[in-house]
Amino acid sequence: MDRAIRSRAEALKTHFETAGAQAIETSILQPAEVLLDLYGEDIRARAYVTQDPLRGEQMLRPDFTVPVVQMHMAHGAEPARYTYAGEVFRRQEQATGRASEYVQVGYEVFDRANPAAADAEVFSLISAPLAALRLRAVMGDVGLLIAAVDGLATSEARKNALRRHIWRPKRFRALLERYSGTSPIPETRAALLASADPFAGAGLEIGLRSRTEIKDRIEALREDQKAAPLAGQDVVQINRLLSIKGRLPHALAALGELSRELTAIKPAVAQIQERAQAMVSRNINLDEIEFEAGYGRSSMEYYDGFVFGLYSDDAKLPPVATGGRYDALTRVLGQGVEIPAVGGVIRPELVIALEAKA
Amino acid sequence: MTLKLGVPSKGRLMEQTFEWFAARGLKLSRTGSDREYAGAIEGLSGMELVLLSAGEIPRELAAGRIDLGVTGTDLIREKLPTWSDKVEPIAEMGFGHADLIIAVPALWVDVDTLDDLDAAAAAFRARHGFRLRIATKYHRLVREFLRDNGVADYQLVDSQGATEGTVKNETAEAVADITSTGDTLRANHLKILSDGLILASQATLFQSQTNTLSAADKKTLQAFRQMVNG
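Those protein sequence lines, which keep their order, are chains A and B.
This note's numbering numbers the first residue of the first sequence as 1 and each following residue consecutively.
This note's numbering numbers the first residue of the second sequence as 1001 and each following residue consecutively.
Be aware that one or more of the hints could be misleading.
Lysine-lysine pairs mimicking BS3-like chemistry, simulated, CA-CA at most 25 Å apart [what the hints assert, rightly or not]: (1) A:K226 - A:K215; (2) A:K357 - A:K316; (3) A:K316 - B:K1086; (4) A:K215 - B:K1004; (5) B:K1004 - B:K1219; (6) B:K1004 - B:K1027.
Because the hints were derived from the structure by calculation, they are not lab data.
So here's chain A without its partners, still in its complex pose (with noise of 0.2 Å):
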């Protein structure tokens, strides 16, 4: 590790400690396993796996949350706030010039007390170092489209299936567009549910998918075709919602005026105004904050509720600082206990970089 970013990553820390954070340490190797069966096959693109004769497949720690989360849950007080310092290995499979190592500092807090404070607390800690650099500030909210997805008037089957796909905009698109029937039914799917035997020429029964399951997903297929199409208006507000963007108050105030229609999502605009007024008192101006309602959807999954990021004049550089709330990992990771998370990282070599430059 570089020195000035070694001695800057340690005053970041220093300065989480300060706020009351415990100091924690984390390995650099971390079994695949747990990793691949969060983030799917999408983190082999982005980390370095390895063999290891006796532990099997390992992988150069793409990020500390989970390493973090798991400390916590197997010997974490609550509430806690951890701070780290350390190297992070990122594969790059694109030209992007992206460092591959770099340094992130972390600040993570675990209370189920008030979220909106605790989202405020991390917001304002992460970015007080960073005042100088006059960073633009991006924050969005997971939580607003799974409200709305939540609130459909639809089956529970396509609830799932939507919310399966919150974080891949592509396919929550083509289901959307399915499910309101402005798609028409794959050619191939309308034949299998209007045949007799659908079974008829199929071949040798071979493989783990037993005909049971394949029996089970035509029964489910058939259970959706009876369902009514979402109403064109239901796909109107989901995306007059993913389109809602500008300085916070403005954004605020046009989620208030969409809540009326789309009532389902006046929980998650409560939780924002109120996120927005713990930001206040911790002084931060609101106006210089973007809110953009489809932020933190392409990057990692487990993201669910308030995401940010910091971002430099030069577009080619990657945020500085990034956070967010993921309660979900927890109930993925903690096997039925959940327990609210927030928190962030800074990248100290590009605040060193962006200082030089100014």
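We have chain A; now place chain B onto it with these hints.
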């Protein structure tokens, strides 16, 4: 200096490559014994023939150790991230056609599209407790294709050969592999997804973009390109 042309060192692909160049006035041949990988080019001076495994040709081109090479577009795309910075296709050769596709058991009457595959993968994971396995040796291409199409809840398992057999052996639920006629897939009770074509590949002549050529080599290259494209 000489200009190095890398071609596949054995089998039908080598024969067809030789025929293709012969039709353009360049006589390629293997020299020495049957087992020795050495070759010669007649018809243009200043060139040298290098016989290589088709799978190694992308790497050699990218490193600039050969200046020209014949291999499949599938191998170039799989093995060379940002391939277009490293190699330039000069001519599609019209043989060695192969499609990289996704196939599932023919028994899966409910799965015909990627949308079906995604739904089946979700149900499979819920029932079996692990992600639906797709056997392949084309990890990068398959992963990018499935990501672009929003398919989730799958995992890739490595298979360097006899991939079509993995489903029956229960080491995978589906496969992503190269096929030309589909016969091997059918014989193994598999069918191709209707929108599961990842890449249509054929034997292609590539030029390296990473090497530096002498003036003499540049002249040879010009003459060579005239012969093959002429």
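Here is how each hint holds up against the structure:
Distance check on the hinted pair: A:K226 and A:K215 sit about 17 Å apart at the alpha-carbon level, within 25 Å; holds. Restraint check for A:K357 and A:K316: satisfied, since their Cα atoms lie roughly 14 Å apart, inside the 25 Å limit. With a C-alpha separation of about 22 Å, the suggested pair A:K316 and B:K1086 falls inside the 25 Å cut-off, and the hint holds. With a C-alpha separation of about 58 Å, the suggested pair A:K215 and B:K1004 falls outside the 25 Å cut-off, and the hint is violated.
Taking the CA atoms of B:K1004 and B:K1219, the gap is about 14 Å. The hint holds against a cut of 25 Å. Between the alpha carbons of B:K1004 and B:K1027 the distance comes to roughly 15 Å, so the proposed pair stays at or under 25 Å and holds.
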